[in-house]
Amino acid sequence: MSTFRSIVFASVISGFIAGLLVTVVQQFGTVPLILKAEVFEKAAETHRHDAALAVQPAATGHDHAGHEHGAGDHDHGAGAWEPRDGFERNAYTAAANVLTAIGFALLLAGFFAVRSGTTGASVPWHEGLLWGLAGFAVFTLAPGLGLPPELPGVPSAPLLSRQIWWLAAVLATSGGLALIAFRRTVPAAISGVILLTLPHLIGAPELANIETNVPSSLTHQFVTAVTVTSLVFWTLLGGLTSTVFARFDRSAEQRA
Amino acid sequence: MSQSQLADAQATTQVTLPVAAGQVGRLSQALMAMVLGVFVVGMVGFSHIDVVHNAAHDVRHSNAFPCH
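If you read the sequences in order, they're chains A and B. Counting from 1037, one number per residue, gives the positions in the first sequence under the numbering used here. Counting from 44, one number per residue, gives the positions in the second sequence under the numbering used here.
Among the clues, some could well be false.
[Said to hold, decoys possible] To spell it out: a stretch of chain B is covered by chain A in this simulated footprint if at least three of its residues, at any positions, have a beta carbon under 8 Å from a beta carbon of chain A; those stretches are:
{"no.": "1", "segment": "72–83"}
{"no.": "2", "segment": "88–102"}
[As the list claims (entries may be wrong)] The following residues of chain A were derived to be distant from chain B, with all beta-carbon distances above 12 Å:
{"no.": "3", "residue": "Pro1160"}
{"no.": "4", "residue": "Arg1220"}
{"no.": "5", "residue": "Pro1251"}
By construction, these hints were calculated from the structure, which means they are not laboratory data. Beta carbons: idealized from backbone N, C-alpha and C, even for Gly.
The whole structure should be built from the sequences, with the hints applied where relevant.
The following block contains the structure:
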């Protein structure tokens, strides 16, 4: 199991570093915007909640969470545990960032292992950086075209339908890029480009009309912040994971 | 086939088999790690469990994962 161990060790180390660094970047970029948007969201929520209570006074005796679910599109903190604002919330954000980074690093290092297994040489850091850019295209750019990064308090189509489209966009984009990069024939390139465009021709699920009191300038800032943060994250993760994995893999080979 | 040739043949099979197994092993080990990675990202970013959603809320928004 030496390859598996090398992949996991490399992913945990690079994921930990990239996850913590991206948490710091988010504190200046995305998180302040999320907090600002939540002020608008909470204002709208209390308004909606008061209206619901006025219409159905009998509903007060019922389970709060169930009531919220029935009322609308939102499960924000109603009844369920959520971290307290400040340190606790940021600690969970850091942990979730580290886990996400480790997960994506496992994917990257898995590719590096297959790649170095076929070519016989380990993936150098600048190639790892390119893999990171591919990850940025697959996991941020492509799904973001149809489903732009969203602030809390902005209503959107049902969650499951968006998650399915997101996954489809990710699969189609990665497949398309792989066809173009690794097949290197004209028919493969054409089908690759078709695969890249297909999810956008089908179109992401969206609401007919969106009413929100979150200012559009805030949304625009958020889209930029998310995209740039993600670019930094992916290039960092690609470079780090390839470097660390190459080191672990070489030492694993020497021991074998 | 002489005794030594037989021994040679056995030696080669004994040498080649682990190498082949090692190559197959590398691919399946890489796949296993990737499945693990997908599981971790899926749990943090896509789980519908309220508590997981609330803990990873800001990360989901910051990664542009579909949220709410």
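Tested hints:
With 11 residues having a beta carbon nearer than 8 Å to a beta carbon of chain A, the segment 72–83 of chain B meets the requirement of three or more and the stated coverage holds. Restraint check on the segment 88–102 of chain B versus chain A: 12 residues with Cβ-Cβ distances below 8 Å, three needed, restraint holds. Distance check on Pro1160(A): its Cβ is at least 18 Å (rounded) from any Cβ of chain B, clearing the 12 Å threshold; non-interface status holds. Consistency note on Arg1220(A): stated as away from chain B, and its beta-carbon is indeed over 12 Å from all of that chain's, at 22 Å minimum.
A cut-off of 12 Å between C-beta atoms confirms that Pro1251(A) is not in contact with chain B; the least separation is 16 Å.
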